[in-house]
Amino acid sequence: AQSVSQHNHHVILSEAASLELGCNYSYGGTVNLFWYVQYPGQHLQLLLKYFSGDPLVKGIKGFEAEFIKSKFSFNLRKPSVQWSDTAEYFCAVNDKIIFGKGTRLHILP
Amino acid sequence: GAVVSQHPSRVICKSGTSVKIECRSLDFQATTMFWYRQFPKQSLMLMATSNEGSKATYEQGVEKDKFLINHASLTLSTLTVTSAHPEDSSFYICSASDTGAYGYTFGSGTRLTVV
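Residue numbers (the numbering used here), protein chains in the order written: chain A, 1 to 109; chain B, 1001 to 1115.
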């Protein structure tokens, strides 16, 4: 069965700090991986996705994620966060888009 | 880019009544749509996969007779919550994909409150 685990439930950072949100998945076949963001009061938006090819994926707003097959991981990173990055971040896997429980990111101005 | 419209955005209904939620792909044809439910401060839970022209596939634990899904065209899927009860109050979200090649586009969600 597919599953997604996000380790950090609530992360608080200061502006300009570096960010890494963990995501591990469980699936026996070929994976498609996604990171979505949900800003306060808004609906889900796609940040980036991995289907195949270069395991380092660059998305919108300076985010990137690296697919490490041996670790079953797809961690989200950003070198320097901004206050506007305050949101909930969801990692998701495959066709049915099975979501992790989300990570609430709070950036202190 | 791809747009998915969900309607209504908010609905309040009386216990025992039925509510229909629409999910439309506005600028692409969606062979597959997904329906999710999101409880406060929790993740999205996949309820069912809606396939155009065929029966929906429900996830384990989701009552298909309570949550009726109809995907009659390539641009419209509907979710009907039948005989709604207060515990059905939640945020319902749909997403659509043409082939999945571009990721999935989400609707803005419907907040259902059953009183």
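Hints listed in this document are in silico derivations from the structure and should not be mistaken for laboratory results.
Cβ coordinates follow ideal geometry from the N, Cα and C atoms, glycine included.
It is possible that part of the hints are untrue.
Chain B is faced by these chain A residues, among others (derived, beta-carbon under 8 Å) [what the hints assert, rightly or not]:
(1) H43
(2) L44
(3) F90
(4) I97
(5) K101
(6) G102
(7) I107
Outcome of the hint check:
1. H43: 4 Å, holds
2. L44: Given a least distance of 4 Å, the restraint on L44(A) holds.
3. F90: 6 Å, holds
4. I97: Holds: closest Cβ of chain B sits about 6 Å from I97(A), inside 8 Å.
5. K101: OK, holds: K101(A) within 8 Å of chain B, min 4 Å.
6. G102: 5 Å, holds
7. I107: 19 Å, violated
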